[in-house]
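Enquirer: As a plain string of letters, each chain reads:
There are 6 protein chains.
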Amino acid sequence: MRIAVVNCNTSEAMTAEIGEGARAAAAPGTEILALQPSWGPVSAEGFYDSFITAAAVLDLLTTVRDVDAVVMAGFGEHGREGARELLDVPVVDITEAAAMQALLLGHRYGIVTTLPRVRGQIHDSLVTAGLAARCAAIEATDLPVLAVGQDTDRTIEAFVEAGTRALAAGADVLCLGCAGFTAVRQEVSRALDVPVVDAVTAGVSMAEALVGTGLTTSKVGPYALPLVKTRRGWPVHSSTGARN
Amino acid sequence: MRIAVVNCNTSEAMTAEIGEGARAAAAPGTEILALQPSWGPVSAEGFYDSFITAAAVLDLLTTVRDVDAVVMAGFGEHGREGARELLDVPVVDITEAAAMQALLLGHRYGIVTTLPRVRGQIHDSLVTAGLAARCAAIEATDLPVLAVGQDTDRTIEAFVEAGTRALAAGADVLCLGCAGFTAVRQEVSRALDVPVVDAVTAGVSMAEALVGTGLTTSKVGPYALPLVKTRRGWPVHSSTGARN
Amino acid sequence: MRIAVVNCNTSEAMTAEIGEGARAAAAPGTEILALQPSWGPVSAEGFYDSFITAAAVLDLLTTVRDVDAVVMAGFGEHGREGARELLDVPVVDITEAAAMQALLLGHRYGIVTTLPRVRGQIHDSLVTAGLAARCAAIEATDLPVLAVGQDTDRTIEAFVEAGTRALAAGADVLCLGCAGFTAVRQEVSRALDVPVVDAVTAGVSMAEALVGTGLTTSKVGPYALPLVKTRRGWPVHSSTGARN
Amino acid sequence: MRIAVVNCNTSEAMTAEIGEGARAAAAPGTEILALQPSWGPVSAEGFYDSFITAAAVLDLLTTVRDVDAVVMAGFGEHGREGARELLDVPVVDITEAAAMQALLLGHRYGIVTTLPRVRGQIHDSLVTAGLAARCAAIEATDLPVLAVGQDTDRTIEAFVEAGTRALAAGADVLCLGCAGFTAVRQEVSRALDVPVVDAVTAGVSMAEALVGTGLTTSKVGPYALPLVKTRRGWPVHSSTGARN
Amino acid sequence: MRIAVVNCNTSEAMTAEIGEGARAAAAPGTEILALQPSWGPVSAEGFYDSFITAAAVLDLLTTVRDVDAVVMAGFGEHGREGARELLDVPVVDITEAAAMQALLLGHRYGIVTTLPRVRGQIHDSLVTAGLAARCAAIEATDLPVLAVGQDTDRTIEAFVEAGTRALAAGADVLCLGCAGFTAVRQEVSRALDVPVVDAVTAGVSMAEALVGTGLTTSKVGPYALPLVKTRRGWPVHSSTGARN
Amino acid sequence: MRIAVVNCNTSEAMTAEIGEGARAAAAPGTEILALQPSWGPVSAEGFYDSFITAAAVLDLLTTVRDVDAVVMAGFGEHGREGARELLDVPVVDITEAAAMQALLLGHRYGIVTTLPRVRGQIHDSLVTAGLAARCAAIEATDLPVLAVGQDTDRTIEAFVEAGTRALAAGADVLCLGCAGFTAVRQEVSRALDVPVVDAVTAGVSMAEALVGTGLTTSKVGPYALPLVKTRRGWPVHSSTGARN
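Heads up: the sequence lines are chains A, B, C, D, E and F, in that order. At position 54 of the first sequence (counting the first as 1) the number is 54 in full-length UniProt numbering, and the numbers step up by one without a gap. At position 139 of the second sequence (counting the first as 1) the number is 139 in full-length UniProt numbering, and the numbers step up by one without a gap. At position 71 of the third sequence (counting the first as 1) the number is 71 in full-length UniProt numbering, and the numbers step up by one without a gap. At position 145 of the fourth sequence (counting the first as 1) the number is 145 in full-length UniProt numbering, and the numbers step up by one without a gap. At position 162 of the fifth sequence (counting the first as 1) the number is 162 in full-length UniProt numbering, and the numbers step up by one without a gap. At position 183 of the sixth sequence (counting the first as 1) the number is 183 in full-length UniProt numbering, and the numbers step up by one without a gap.
A few of these clues could be false.
One copy or two, either will do: identical chains are not told apart, so a pair holds if it fits within one copy or between any two.
[As the list claims (entries may be wrong)] EDC-like mimics (lysine to aspartate or glutamate), calculated; alpha carbons at most 20 angstroms apart, straight line:
no. : residue 1 : residue 2
1   : K229      : E12
2   : K229      : D68
3   : K219      : D193
4   : K219      : E187
5   : K219      : D68
6   : K219      : D88
7   : K229      : D153
8   : K219      : D153
9   : K219      : D66
FYI, nobody ran anything at the bench for these hints, they're computed from the structure.
Could you build all of it, start to finish, from the sequences and the hints given here?
Expert: Spelled out as structure tokens, the structure:
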């Protein structure tokens, strides 16, 4: 099985970390392609970045061949429905995957994430996915995306504090609301004595599960293949004005 | 990996069929224990049966040892939260698993099930699970649980008709709302040209995914271990009035 | 008029207290049968217990004859829909009855209950009943079910504290979220100057109201009589494998 | 016990019919005062009429003394929250009472009412009351309020047709969405084989139940007594500019 | 363009202030008629007052001719749907207008209002309008309606405090939940560094926008013209028992 | 006042038509800039196109200076939250504007749009905007975006048919769910006797209303200015890798 795990930003370090996390999560026999778009922000922190990355990731996906599933590894980022339209292999957004696994392990879940400003788009992403009903809280650590992992002790401390607030709000299971947090997951879980879902891990395991069933994306409704038409300057990576 | 797949009723034939479906769905190296309670109805079709099977399944689960996950293989049946409280390994209800996989494959999902009377409890199960927001329709075939599979042609025809109504109501992906339908899944999918999620398959693959992550059920909130206390005549299977 | 008031656990003391509360609530001419199941936990505190009591209560209800209504006197416990299917006389769950009377007396209601762990199942019960929209808070006292009433002063104090939190969250009327609290209702109401609904009282009065209208449970939808079928080892109390 | 049952319009015939229905519903020993406002429309069919009747009924209620409860007998009409603020005895809106009893007797309820135009305000009333979650349908007969009861056969036929549509939409219990329909209730119930809740009957029985509990309206939140202030030309019935 | 801006209470001073605010908000060429009902409370603070003002405003509106739109300038007050039924020109409730403009300027909005008791009716008004989904908080200053503006410093301080609580609850834009606050809007906005929507200003600008489109109120559904019928003692201002 | 009205696709003809509609809607003294992105699809019909246009429109908006507001003239398209983050002038999405004006003119609104496949994204857009609660139906004409206006008679007929279905589902006011339909609005309104909101007109008039109030977008929450960071290959139109 071959799964493309797509970082939404253009930070090679984060793509590498996501790839490493994905490989650690994957079953034996699953090959992980860790990809990143050729353009866009080095980190996505807000709606503006999120919509840029959505297009940059779709641009990238027009070139992806011979994979059995795509994992979109940007937490709370846009674009998953576009990828489902473009592709017929299963597309798993790590936001959805993390929420789903959390729903199976606890009664209400909390999200602990980076900057306060991204809480709104995570909330919108869960509402749109139809998964918000049992979300108890979305709490921020006030760490920028790229700071996560630089000072592991401070990162863990910040996540434990945010997690404590989420538990007080009624959560009994947490999701790490960012790609690339795999390293701190266990520390936070141990400190708070609750299961902590790493989103990339959740995404890979859910994608493997879907591939195993042989099911592919519905093509009779909103996710039918894109109409053939002129898309000026698109795909951007080649700028040949190709139709796709 | 060892997964207990628990039929909720006492029909050996259905337990066998569920076990067969589960084994077909399982990854190499996953051992499937197909179990059924020692008491309760031969089929569950309604709230009364559902609550009997919930207790009978919990009774059974007090005896289950050395499994890595439990799949509760009764579609729309009660009891999953009790199993989560009793056990710390992941517990996956096939109702949830099917809805989750459907959410990843389509924009809105429909359920096609057996008798009209069970639509209410399926609806309640999805609402309680926090997964109802993108459910477009729950449609019944008017086939009793045990009739499914007896006359394959008639079963397929009935499911295609119910599925057609669900698609007209806005679904673009379907779930088979019953355990033991594995055989007819492909026919219905082919006839309607949409992905059709088999619930047992979804349950097994989601359980494998969870086991792979190493996560276990939260024990700090509503799913904390049952208090130690006297439970008269319980477990029922041994009637020793044991405490558990 | 003859009303069966069914304690869900096997504590005789609590059944007696529930019966006493029910008789105090009943109109002249209403006969109260205070019943308890023959098996199951001595107190229900969590999902596991709740599903056991649901079956034990249904088991009991297969033997109940000649009553005009059934009041299910377990707050937040499962099984009411099964009882509605089994019987045609009105079935009133005290959870619903308390919430309904609270809705008529205040703008938003709060629940004050026993252990924190049961808040999840009370929430689910209200959501399933379609009565959660105006619930402002579910607050716990951290008193186990059987401790309630043992130390009246401490019980009252704990409920006043929990009630204060519920009012701060926007409630202007409270429900005691447990059977057998009748004694402390007035003290809490006096301390907080708000109406406090005792759930058993609410259940009995609502059952009387329904019996007075002559209406009985719908038998055309999900609450149609259970299908005739083999239910192995059921009813449990007699274990004759009878059909019902 | 003394209950004021308040018709919202100024049709003496309807007030008489409502009073008759209320007396038939009341327990022995309950005295029914059938009242109507001194001004306002002869029938309420729409938002404009509804807001006029809300004020006219509140105007009337400033003069009501020595009652144990008030039943507001206009289905889907406004004003109940104002009455709760003005009074401390329980105030039961028949819209709420009917929906509540229906929720106890079926899994989802339908409303059958008079003109199509009033469906919107009935819907709003149920949403505001927090009781809409299990409402399957609100269906109109196209009969004006005052035509109901004039031609009993046609009325029954029209309600059976509307009820059939509500059942097809998923209801398994119906409410008559108008005061003064008591006479046709049994015919509709017999024709469709479902329980049919008469709203006035529901209102009286729920008011009796509340009075029996001794509870009164919350005075600490939105239903605190009206502030003392100048209300020009109010109450209208006396036009003395009194303060109340 | 001629817009009637209707204060719901009978305080001339407040009507004058509302008129002044409306004129400041209006485009050149828009004529503002600042109106108030001939009867009813001098200020509306609660459900009882609100329903009185609803009828008094509708009474007034039966006499209003030759306007292009009506702005109902009572925040959280009842009656807008009745005005829409009576009139065909656009009717804009300042509660709706403020919420709508806030939705366009921020991700979630908060309301800061006068007395705690009115929070319930503001909440109900937003729910009924279908605008509550992104309301983060409704916070009260504990200032009575007529105190607002008397001591500007204290008023500003109180609103800044309430606004701070709303921002902490997740709002990033505020609405002043009362007519007649125009003067303090800028001070609060400056202190908290967020946009603060003045409801009267929002109402006037939205009414102008609607008039500019040429659209008028729907007359095919719940807002069809009132039926012609006897309305005893109505309109109240003339008490001629006229039909309208 | 100067308003940029941004077509989301790269069809010059549609940009011209949108500009014409916007100018017809604008007040005297409002200057309309009709813009389109320099890259992307010639029409947006689905999630894939929608996410491409979101980035292309944001790319364009990095170059827009000296406007008082931005109207995003793609119905149901993505990107509005990104534009709100990038800019501080008000940003009005025509989807929101149309729904808001419809809410003020009717009790429940319907959307009539182009291809069935776009219904999902329109639904998601309304849910995310917090405006879905009173949406009765989203109906498609099965006309591609660019076909609209080519054969006016057929277009009108198709919209009348879709509108008829929306009214049957409970709507009493309609929105044209596409930019560039201005020409057919009156015909559809006349045929169905309901107000029909043209989305571009609504967007322009709402933007003018907001500009008139002097309010600007909140910068303290999710719409705070984008962080300064490297965005590789962005903006795309100049590909200088600039920071913005």
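Enquirer: If you check each hint against the structure, which ones fail?
Expert: 2, 7, 8
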